[in-house]
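From just these sequences and the hints, can you work out the full model?
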Amino acid sequence: MRNKEPVLDDGEVVYEDGPGCGWNDFEDEDVMQQTSSIHDDEAKKLPYVGDKEPLSSLAAEYQSGSPILLEKIKVLAEQYAAIRRTRGDGNCFFRGFMFSYLEHLLEAQDKAEIDRIKANIERSRKALQTLGYAELTFEDFFTLFLEQLEDVIQGKETSISHEELVLRSRDQSVSDYVVMFFRFVTSAAIQNRSEFFEPFIMGLTNTTVEQFCKSAVEPMGEESDHVHITALSDALGVPIRVVYLDRSSCDTGGVSVNHHDFIPATGDLPSSSDSSEKKNPFITLLYRPGHYDILYPK
Amino acid sequence: MADKYNMKNPAVKRILQEVKEMQSNPSDDFMSLPLEENIFEWQFAIRGPGETEFEGGIYHGRIQLPAEYPFKPPSFMLLTPNGRFETQTKICLSISNHHPEHWQPSWSVRTALVALIAFMPTSPNGALGSLDYKKEDRRALAIKSREASPKFGTPERQKLIDEIHDYMLSKANPVPQPSPSQASEEPKKEEAQTLVTLPNPEALLAGEGIPDEAGDKIVEEQEVPVIANPNPAGVEASNEIQPEVVPTNQLPPKSETRVQNLKPETRVQKPDDRLFTLAAIGLAIAIMVLLLKKFIKSTEHGAVFMNES
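Residue numbers (our numbering), protein chains in the order written: chain A, 1 to 298; chain B, 1 to 309.
Don't take each hint at face value.
[What the hints assert, rightly or not] Ranges between beta-carbon positions, derived for each pair:
| id | chain 1 | residue 1 | chain 2 | residue 2 | range |
| --- | --- | --- | --- | --- | --- |
| 1 | A | Ile153 | B | Asp162 | 49 to 55 Å |
| 2 | A | Ile153 | B | Glu36 | 36 to 42 Å |
| 3 | B | Ala67 | A | Ser194 | 31 to 37 Å |
Derived by calculation from the structure, the hints in this document are not laboratory data.
Where a beta carbon is used, it is the ideal one built from N, C-alpha and C, also for glycine.
Here it is in C-alpha cells:
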C-alpha cells in the first residue's frame, strides 16, 4: 500500500509516480507486462476507493516520521473525523472527487444540485463538440456519469445504496469511466479558457495548452494539480477544498494546516449568485505531495 | 452482432459504436471492420499515403482491442509486406500499445488508422518493428500489394480480408505514382491494364521507367496508348534522357505541367522505342529481302529459284 511506504527517514513523503501512476518510462512490452502485474498487485492491496477510516490511521503512518507532520495531523484531527483513501494510480484526484461528490448527493438527496450540474455537463458536451472531439469518443463517459447522478437519488428502481456506491467506485467499468468523464470535462474547460490557463501551463510544463491537455489531462493515470482542479471545479461549478499536508511550517512557531478552496469562477457561469453562497465546499480532499485522499469533516 | 455481446460491457458498447461510425462514414483511405465472431478482433486495410513510395499500395493488417478498450490502446499488426513495418509484429507507434502513455480514450480505431497512414512515410529511427527499405523496394511492394490480399487466419477472417481488399481496390487510386527511377519493378498485367484505362498520360509512366528491367508485358499492355501518341520519339531516346530524368524525381509527382513537359513526354514514349526499333528492323529486313530478290533475279543462279515463286 503506497500510502504507507513512502515515509523516509527525513519524513519526506514521496508519492511520485509509482508503478500505478503511469507507464511513462516503459516502452518495452515485457517491461509493460511486468508493470501491469505490479499494477494488479497494487490493485489487490488497495481498491480504487478504500473504506472510511478514522483519522488516527493517518497518524499511524507517520509514527516514526516527521514530528511536524504528526503535529499537523493532530491539528487536522480537530476538524476532520475520517479519511477515505484512494489508490495512487494517478487518477486519485478524480476518483476522490467522484466518490465525494456522489456520496454527498446520495446523503443529501440534493436534486437541485443534480439539475444544476447537468446544465454544466451539457455545456461541457457542447464545448467538446466545438473543439472537434468525435461524439463517440466521449458520449459513453458522459452517459455513465449521468446515470450515476440519477442512481444516487432514492426511490427509483435504479436507485443505489451507499454500499452499492462504494462497490461501483471500485468497479473499473464504472470508476474509470467516471474518471475519464472528468478528464474530458477538465480538458474542455482548460482549452475553452486557454488564455487563462496558458501561463500556468507554461510554468508547469512549457508546452502548449492543447499539448498539455493531450499529454497531462486526457490520458488515464496522469496526475492532477491545481490546473486540473481549477478547470474541473469551474466547469462543473463545484467548489473543492484541498487540505495540504506537507512539511512546511509557519515562522510563528505554531503548526497550522493550510488549505485552499477552489471556488468556481463565476464570470461565465449563469448562476453566479448561487455559487457565491457556497462558501463551504462539500468536497474536501487531503493532499500529500503526489496524492489525494478524501477527508471527512467532523 | 450485438446480441452475442454483453451490452453492459462498456467496451463492447464503445466498439459497436465505432463499427457503426466506420460504416456510416466510410473513408477512401482505409477500411476496418471487426470479425463477426469477435468484435475485439478487427481487420483493416490502409491506402499508401499519396505522393510517397507507398502510393497505390493496399496494406492489410489486424487490430486487437483490449478488454479495457478504450482505456488501453489497440494493438496493430501489418500483414502485407510494405518495407516500413515488419509484418505480423506489433507496430511501435505512439498510438499503439507500445506506448500506452500516449494513448487516450478520446481516440478511436479511426484516429489510429489515420495516424498509421501518416506514420508510413516517416523515418523509423530504429523503432521496434520498423523497417527502413529503399524507396524502390517499397514501391515494388506497393505494386505487389494490390495483386492479392494476404492469406491469414480463419476462412471467416479471410473473407473479411478479401472484402476489404476489394473495397480498397475500388477506392485506392490505382496509380503507383510515376517516378521512373523508383519504378524499377515489373508491374503485373492487372496493374498495367488499370493504368491504360486512365485518361492521364502520366499514368503510363508507372512502373516502366527503366527499359532494361521492364518486362515485355509492359510493352504489350501499353501499346494502345503509345500508338495513339502522334509524336513518337527516337529509338534511342531513353538512353539520352536518363540523366535528366533523375532530378525530375524530386518533384512532387502530381503536376499537369509535367505532361506538357518535353522530358516526361519522351519518357512516355519509351515503350514505342522498342516498337519502332522492331519496325525499323522489320523494314530493314524487308528491304534487304527485296534487294536480295532483285540481286538473285539479276543473276543466272537465281533463275531456277525465282521461277517457282
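Do the hints match the structure? See the list:
1. A:Ile153 - B:Asp162: 49 to 55 Å: About 53 Å separates the Cβ atoms of isoleucine 153 of chain A and aspartate 162 of chain B, which means 49 to 55 Å holds.
2. A:Ile153 - B:Glu36: 36 to 42 Å: holds (40 Å)
3. B:Ala67 - A:Ser194: 31 to 37 Å: For alanine 67 of chain B and serine 194 of chain A the Cβ distance comes to about 35 Å; the hint holds.
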